[in-house]
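Visitor: Using the sequences and the hints, build the whole thing.
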Amino acid sequence: MDDENVPVVMKAHRTVLERLALKPPVWPFRTFDGPRGFGTYWRANGMSGSWQARRDCIEHILGSTRDALEDLQELEYERRFTKGPSGAFKNLIFAADGVKPDLVLRDAVNNEVEIVRHADVCLVFTDPLPHHGLTWRQMVAWWQKNHQPDADERTAADDLYRRLYRSLDSVPEQLLMITYCARYAEDGGFDLPALIPQVYLHYDPYTRKSGKQSGALPRQRMDFLLLAPDRSRIVLEVDGVQHYGRPNPPDEKGRVTHTAVPRLYAEMVAEDRRLRLAGYEIYRFGGWELTAPGGRQLLEDFFTTLLARHQKPTL
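Its first residue numbered 1, the sequence shown is counted upward by one per residue in the numbering used here.
Calculated directly from the structure, the hints in this document are not laboratory data.
A portion of the hints provided could be inaccurate.
Stated by the list, open to error - Computed spacing ranges between beta-carbons, pair by pair:
1) D152 <-> G254: 48 to 54 Å
2) R309 <-> P24: 36 to 42 Å
3) W42 <-> E300: 57 to 63 Å
4) G188 <-> D71: 25 to 31 Å
5) V16 <-> P262: 56 to 62 Å
6) G286 <-> D150: 39 to 45 Å
7) D150 <-> L20: 52 to 58 Å
8) L20 <-> V269: 23 to 29 Å
9) T126 <-> E300: 50 to 56 Å
We put the beta carbon where it would ideally sit given N, CA and C, even for glycine.
Guide: Shown next, in the form of structure tokens:
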């Protein structure tokens, strides 16, 4: 740097900050040499033989600019989260094993839910939700605290996985969970979003918009839910033929065919619309495509792309 370069650098610095609507710092020197130069400032502040003095110099001149840039970065980071649902996390009711629970919404404003029958067959997560989603490691810690306080992390993870797996209804659902959860065993796998099966109740905004003040909840079960680190709420549905058709009487060879029912399809897509308007991202799989050859590879490719898309934003 010389007397000619220093003013150019300072002017460029000022221009960049002003474009970001930030206040530029007041520089205590104007050139490199001379009575108002950097060399004079350096010597006057004892920086020749002191790293601490140099750090203090940088903090004095640029500390406020750094703080303002960090605030701006945080605002930009928050802006990237605007697609998720608003409102406070209340609870997750999930993984019913066997008989399905009967839920009653006592207070739609506060999302007060009561499980009136079969509460013992499902899991209820009420811990505070971290800002950046729910990881498998956090789910395992919750399981340890509430169900296996004496188990180590690996043992608890194994038992939690087996408990979640028991809640699945079909072979395609089982394949989806096996394929995704295999990633937990990879490096960093415990820090992936937890795959939560058979979710009966989730976030306050969706329930609040149902328009019901009390009484039995309508069917709101999701096959799987991921709470991603970018705050996206991702719903995965595995559709068997019962989602869009009704069985016909067996033919002479005992084979059962199905007839499409427009009402069932309409109910399914109406539920998708409600979830999307509440801020959820939905992906549907046909049961047939998951049991066909290549079903596992289809899922592996899907999850690779999905997780890459929903990483924690960086600037």
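Visitor: Now, for every hint given, state plainly whether the structure supports it.
Guide: Results for each hint:
1. D152 <-> G254: 48 to 54 Å: Holds, since D152 and G254 (Cβ atoms, about 50 Å apart) stay within the stated range.
2. R309 <-> P24: 36 to 42 Å: Because 37 Å falls inside the window, the suggested range holds.
3. W42 <-> E300: 57 to 63 Å: Once the Cβ atoms are compared, 58 Å apart, the range 57 to 63 Å for E300 and W42 holds.
4. G188 <-> D71: 25 to 31 Å: Check passed, 30 Å falls within 25 to 31 Å.
5. V16 <-> P262: 56 to 62 Å: holds, 59 Å
6. G286 <-> D150: 39 to 45 Å: 43 Å Cβ-Cβ, so the 39 to 45 Å window holds.
7. D150 <-> L20: 52 to 58 Å: At roughly 53 Å between Cβ atoms, L20 and D150 fall inside 52 to 58 Å, so the hint holds.
8. L20 <-> V269: 23 to 29 Å: Hint violated: Cβ distance 44 Å, outside 23 to 29 Å.
9. T126 <-> E300: 50 to 56 Å: 33 Å Cβ-Cβ, so the 50 to 56 Å window is violated.
Of the numbered hints stated above, those contradicted by the structure are hints 8, 9, listed in ascending order.
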